[in-house]
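Respectively, the protein sequence lines represent chains A and B.
Under the numbering used here, read the first sequence as residues 1 to 182, first letter to last.
Under the numbering used here, read the second sequence as residues 183 to 691, first letter to last.
Worth flagging that the hints you see were computed from the coordinates, not collected in a lab.
No residue lacks a Cβ here, since even glycine has one placed at the ideal position from N, Cα and C.
Check before you lean on any hint, since a few could be wrong.
Partner residues aside, some chain A positions facing chain B, computed with beta carbon under 10 angstroms [to be verified]:
| id | residue |
| --- | --- |
| 1 | E94 |
| 2 | D124 |
| 3 | W170 |
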Amino acid sequence: MSFFALILLFAGLGIVLGYAAIRFKVEGDPIVDQIDKLLPQTQCGQCSFPGCRPYAQAIANGEADINQCPPGGEAGIAALSDLLGVEAKPLNAENGEEKPKLVAVIDEETCIGCKLCIQACPVDAILGAPKQMHTVIAAECTGCELCIPPCPVECITMEPLAKTLTLWSWDKPDSTKQKVAQ
Amino acid sequence: MKLWRFNGGLPSLAEHKNESVNLPIEMAAVPSQLVYPLRQHIGNAATPLVKVGEQVLRGQKIADAQGLISAPIHAASSGTVTSIAEHLIPHPSGFSAPSISITTDGLDKEVAYTPRADFRQLSVSELVNIVREAGIVGLGGAAFPTAIKLDNQSKSRRIQTLILNGAECEPYISCDDRLLKERADLVIEGVEILLHMLGAERAILAIEDNVPATFKSIQAAIVKKNNPVISAAQIPTIYPTGGEKQLIQTLTGKEVPSGGIPADIGIVSINVGTVHAVQQAVIEGKPLTSRIITVTGEGVTTPRNLEVRIGTPISTLIEACNGYTQLAKRLIMGGPMMGFALLNDEIPVVKATNCILVASKHEALTEKQAMPCIRCGLCASACPVSLLPQQLYWFSKSEQLEKAEKINLFDCIECGCCDVVCPSHIPLVQHFRYAKSALKVKNHEKHLSDVARERFEAREARLARDKAERAEKSRKKKAALKNKPAKEEIDAAIGRAKAKKLNQSDHES
Chain A
1 MSFFALILLF AGLGIVLGYA AIRFKVEGDP IVDQIDKLLP QTQCGQCSFP GCRPYAQAIA
61 NGEADINQCP PGGEAGIAAL SDLLGVEAKP LNAENGEEKP KLVAVIDEET CIGCKLCIQA
121 CPVDAILGAP KQMHTVIAAE CTGCELCIPP CPVECITMEP LAKTLTLWSW DKPDSTKQKV
181 AQ
Chain B
183 MKLWRFNGGL PSLAEHKNES VNLPIEMAAV PSQLVYPLRQ HIGNAATPLV KVGEQVLRGQ
243 KIADAQGLIS APIHAASSGT VTSIAEHLIP HPSGFSAPSI SITTDGLDKE VAYTPRADFR
303 QLSVSELVNI VREAGIVGLG GAAFPTAIKL DNQSKSRRIQ TLILNGAECE PYISCDDRLL
363 KERADLVIEG VEILLHMLGA ERAILAIEDN VPATFKSIQA AIVKKNNPVI SAAQIPTIYP
423 TGGEKQLIQT LTGKEVPSGG IPADIGIVSI NVGTVHAVQQ AVIEGKPLTS RIITVTGEGV
483 TTPRNLEVRI GTPISTLIEA CNGYTQLAKR LIMGGPMMGF ALLNDEIPVV KATNCILVAS
543 KHEALTEKQA MPCIRCGLCA SACPVSLLPQ QLYWFSKSEQ LEKAEKINLF DCIECGCCDV
603 VCPSHIPLVQ HFRYAKSALK VKNHEKHLSD VARERFEARE ARLARDKAER AEKSRKKKAA
663 LKNKPAKEEI DAAIGRAKAK KLNQSDHES
């Protein structure tokens with residue numbers, strides 16, 4: 001008798017669990033989303049993956065290390081190590097080095113309108129038409145430099161960001177500074 | 183009148199008012215050049231309405247508000263627009279920003295103003311529009327467009343109390359005090375206009391108890407108007423009692439909620455200089471083109487309270503005060519507690535400039551060697567916002583900015599009380615300013631990366647769609663090729679082409 005009771009009980013639990021699996025299904029992979037959120041979204045591919053999300057996917061699968069993202073830099077590695085509970089390590093030099101963010105600028109005199117840079121841009125930040133001058137939408141440019149190699153006339157340069165008040169920040173007081181006796 | 187007390191503050195801060203408080207307001211001469219940064223208020227920069235080479239008159243609108251939170255700018259004298267380009271702006275960054283420069287012609291010709299004798303004839307929305315068009319912003323230093331504060335009709339909240347801020351708590355500054363002494367009647371008329379606009383039940387004009395003569399002149403003006411809802415209050419001189427939230431707490435006992443605005447608790451607080459500007463705009467029809475500025479400090483020969491055309495370079499003001507002294511060390515806009523150092527005196531005064539302090543070495547808060555924090559807690563008892571400065575310092579110093587934000591970093595008013603009481607001379611406010619601006623930059627970068635992610639994903643989706651479409655097309659083509667057309671059809675097509683060609687060559691020959 002108790003044997004049948006157990007069968008019934010387990011069948012009941014099975015149905016409940018099966019229903020819960022459908023009802024509370026989590027779309028996508030939350031850990032990949034979390035990693036992706038910490039990546040700088042430059043989409044430069046220096047990590048050897050075609051974009052930030054693929055890299056996040058690779059980290060989640062254990063196929064890539066957390067120190068392959070130069071634009072994220074040390075701060076990015078620290079954030080990833082915090083999230084994943086692994087040891088932070090220095091940036092892998094093979095992937096490139098950390099440098100300040102730049103923005104691509106097309107020399108409009110030289111541009112021949114070949115569209116190659118438009119195809120290369122991972123965030124659609126270049127505007128232009130065949131045989132018409134192209135230009136970079138500076139506000140959307142992530143500074144990934146992917147447009148530079150395809151350009152046949154080498155008219156794209158990377159330039160430092162314009163100094164604006166939105167990106168200005170007070171200096172951090174230097175607490176190690178010794179005051180010179182006067 | 184019952185008064186309340188906010189936490190901490192500095193009751194015995196050296197006031198340094200004597201240098202300028204007894205000096206009457208004098209008109210500063212029109213300078214040869216006026217410079218108008220397009221953003222001299224909180225919100226969007228104004229858009230220029232004039233072109234280089236154009237003649238302008240005093241009171242003419244030269245730049246218009248862009249969007250709701252913005253303010254127009256008016257020329258302060260007649261002359262020619264000489265450039266619309268980058269110019270050094272009064273900002274702690276030392277950056278340049280787009281500005282309109284005008285070379286004055288010395289004639290000081292004005293546009294025709296439309297005076298209005300009785301403001302009660304005007305509807306509230308008409309009055310709000312007058313204030314907006316006059317380019318009036320908070321003259322106490324925040325430079326928030328005043329029209330937005332006064333436009334209360336569309337909002338569900340009700341304003342019970344109007345507070346007029348005449349508590350000039352920062353050392354050295356005396357421009358509001360002089361205004362209240364000399365033009366009390368105009369200010370009280372301005373208060374009546376604001377009461378009419380807001381529908382508030384009462385108005386309280388607050389003055390510190392270290393200027394009893396000013397209190398008398400204000401009371402006389404109130405008695406003259408015989409308006410029972412307007413009252414004046416003398417409040418204890420405790421720095422920073424003139425801070426908006428501290429003043430509200432002193433007068434009403436209510437605290438503005440963290441992250442909120444005074445209107446959330448039924449209060450609007452306005453600086454007395456701004457009230458004067460509103461009176462001028464409504465009654466005289468004059469837009470905001472001048473303001474009162476205290477030029478003081480040991481670094482200037484003759485301290486003065488000057489009514490200055492907005493846009494005047496600071497060098498001209500220093501000349502009007504007979505130049506620098508040997509002691510001049512640092513040029514500060516605002517007071518010694520909350521002001522900021524300027525790069526040079528080419529920088530123009532803007533709407534928010536209430537004081538130019540030419541500080542000597544001991545007047546400027548000099549940097550002393552910071553010693554380690556000993557957790558004495560003096561900063562927490564001095565903080566007028568009841569924050570925990572030592573904890574904020576800990577988190578800011580170690581870059582744990584999110585934690586600092588959680589313990590209300592953004593409620594810090596940067597008054598500098600904690601700096602003054604710290605026995606280890608830690609530049610606390612400097613740390614908090616850094617942490618606040620670093621967080622803002624971080625949030626901005628986060629926004630940019632979100633945009634980049636969205637664009638990247640949209641592009642990926644588009645490429646995938648294109649690929650699928652191409653695959654579909656080639657599949658259809660292949661399928662069509664499989665059911666090959668019959669041989670007769672091909673022969674017929676070749677025949678047609680041949681006939682066409684023959685026809686063409688016939689025509690040509």
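Hint by hint, here is what the structure shows:
A cut of 10 angstroms between beta carbons decides the hint on A/E94: the least distance to chain B is about 24 angstroms, and the hint is violated. For A/D124, the interface hint holds, since its Cβ comes within 10 angstroms of a Cβ in chain B; the closest pair sits about 5 angstroms apart. Restraint check, A/W170 versus chain B: the minimum CB separation of about 4 angstroms is within 10 angstroms; hint holds.
Of the numbered hints stated above, the single one contradicted by the structure is hint 1.
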